[in-house]
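Colleague: Listed below are the residues making up each chain.
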Amino acid sequence: KQEVTQIPAALSVPEGENLVLNCSFTDSAIYNLQWFRQDPGKGLTSLLLIQSSQREQTSGRLNASLDKSSGRSTLYIAASQPGDSATYLCAVILTGGGNKLTFGTGTQLKVEL
Amino acid sequence: NAGVTQTPKFRILKIGQSMTLQCTQDMNHNYMYWYRQDPGMGLKLIYYSVGAGITDKGEVPNGYNVSRSTTEDFPLRLELAAPSQTSVYFCASTERVQDEQYFGPGTRLTVT
Chain P
89 KQEVTQIPAA
99 LSVPEGENLV
109 LNCSFTDSAI
119 YNLQWFRQDP
129 GKGLTSLLLI
139 QSSQREQTSG
149 RLNASLDKSS
159 GRSTLYIAAS
169 QPGDSATYLC
179 AVILTGGGNK
189 LTFGTGTQLK
199 VEL
Chain H
38 NAGVTQTPKF
48 RILKIGQSMT
58 LQCTQDMNHN
68 YMYWYRQDPG
78 MGLKLIYYSV
88 GAGITDKGEV
98 PNGYNVSRST
108 TEDFPLRLEL
118 AAPSQTSVYF
128 CASTERVQDE
138 QYFGPGTRLT
148 VT
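Protein chains in written order, with this note's numbering: chain P, 89 to 201; chain H, 38 to 149.
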């Protein structure tokens, strides 16, 4: 059974700092890995999608990397802003896994002024 | 472009009542999913569908039923609501397995 772990569970940083969120998964036979953002009381917003054949994806200040062999992904946020405060979730789909996303429990990020 | 819409936004049910959570997508996606999110937890898959007329169980299907009569709609039915079904329910869709999933805003359900 695929298990997805995110460390740390919570993180507080001052504005302007660069930061890294971690995601690890136990089964490397994945289609892709997706990073989401969730604001309190809201739905999920897709940030980045990395296919299993890719090493990284970038969107603005966000960069996500994928190392399938070690079962790890990182989300790098450059020059953090208070508006980045949210919970960040990673999720993977297994090949042959019935099209199901398996989610981590998330990292709650707070960027302080 | 509305994307994925869910109704209602909030609902309070008494134990033993039934209700249907509605989900509609206007992107002509084949795949649709229902997840639940409990406080402090990640999302868990309840049911999914790979196309009209085809549904399958996810990780936590007990107490729920689904149908997919059209490409656009994927309602989730709760029969005999129980306090353990208090959660936030999210619907999602995607065109292909390898594509990103798009989520609705969620339905917050309380069973008392």
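Hints should not be assumed to be uniformly reliable.
With a cut-off of at most 25 Å between alpha-carbon atoms, the simulated PhoX-like pairs for lysine-lysine come out as follows [stated by the list, open to error]: (1) Lys51/H with Lys89/P; (2) Lys130/P with Lys188/P; (3) Lys46/H with Lys81/H; (4) Lys46/H with Lys156/P; (5) Lys130/P with Lys198/P; (6) Lys130/P with Lys156/P; (7) Lys51/H with Lys188/P; (8) Lys198/P with Lys89/P; (9) Lys156/P with Lys51/H; (10) Lys130/P with Lys81/H; (11) Lys51/H with Lys81/H; (12) Lys81/H with Lys94/H; (13) Lys46/H with Lys89/P; (14) Lys81/H with Lys89/P; (15) Lys89/P with Lys188/P.
Source of the hints: derived by calculation from the structure; they are not laboratory data.
All figures in this text were calculated on a predicted structure; none of them were measured in a lab.
Colleague: Against the 25 Å threshold, does the CA-CA distance of Lys46/H and Lys156/P hold or violate the hint?
Modeller: violated, 38 Å
Colleague: Hinted pair, alpha-carbon criterion (25 Å max): Lys81/H, Lys94/H. Please report holds or violated.
Modeller: holds, 12 Å
Colleague: If you draw a straight line from the CA of Lys89/P to the CA of Lys188/P, is it 25 Å or shorter?
Modeller: Within the cut-off at roughly 12 Å; holds.
Colleague: Does Lys89/P sit within 25 Å of Lys198/P, going by the straight-line distance between their CA atoms?
Modeller: violated, 31 Å
Colleague: Are the Cα atoms of Lys130/P and Lys198/P separated by 25 Å or less?
Modeller: Holds, at roughly 16 Å.
Colleague: Has the given pair, Lys51/H with Lys81/H, been kept, meaning a C-alpha gap of at most 25 Å?
Modeller: holds, 23 Å
Colleague: Does the alpha-carbon distance linking Lys46/H and Lys81/H stay inside the 25 Å limit?
Modeller: holds, 19 Å
Colleague: Hint check: Lys130/P vs Lys81/H, CA-CA at most 25 Å. Holds or violated?
Modeller: Status holds; Cα separation ~17 Å.
Colleague: With a cut-off of 25 Å on the C-alpha distance, tell me whether Lys156/P and Lys51/H pass.
Modeller: violated, 46 Å
Colleague: Next pair to validate is Lys51/H with Lys188/P; report whether the Cα-Cα distance is within 25 Å.
Modeller: At roughly 31 Å apart (the allowed maximum being 25 Å), Lys188/P and Lys51/H break the hint.
Colleague: Take a quick look at whether Lys130/P and Lys188/P sit within 25 Å of each other, Cα to Cα.
Modeller: The hint holds at about 22 Å.
Colleague: Keeping to a limit of 25 Å between CA atoms, is the pair of Lys51/H and Lys89/P held or broken?
Modeller: violated, 35 Å
Checked against the numbered hints given earlier, the structure breaks hints 1, 4, 6, 7, 8, 9, 13 and satisfies all the rest.
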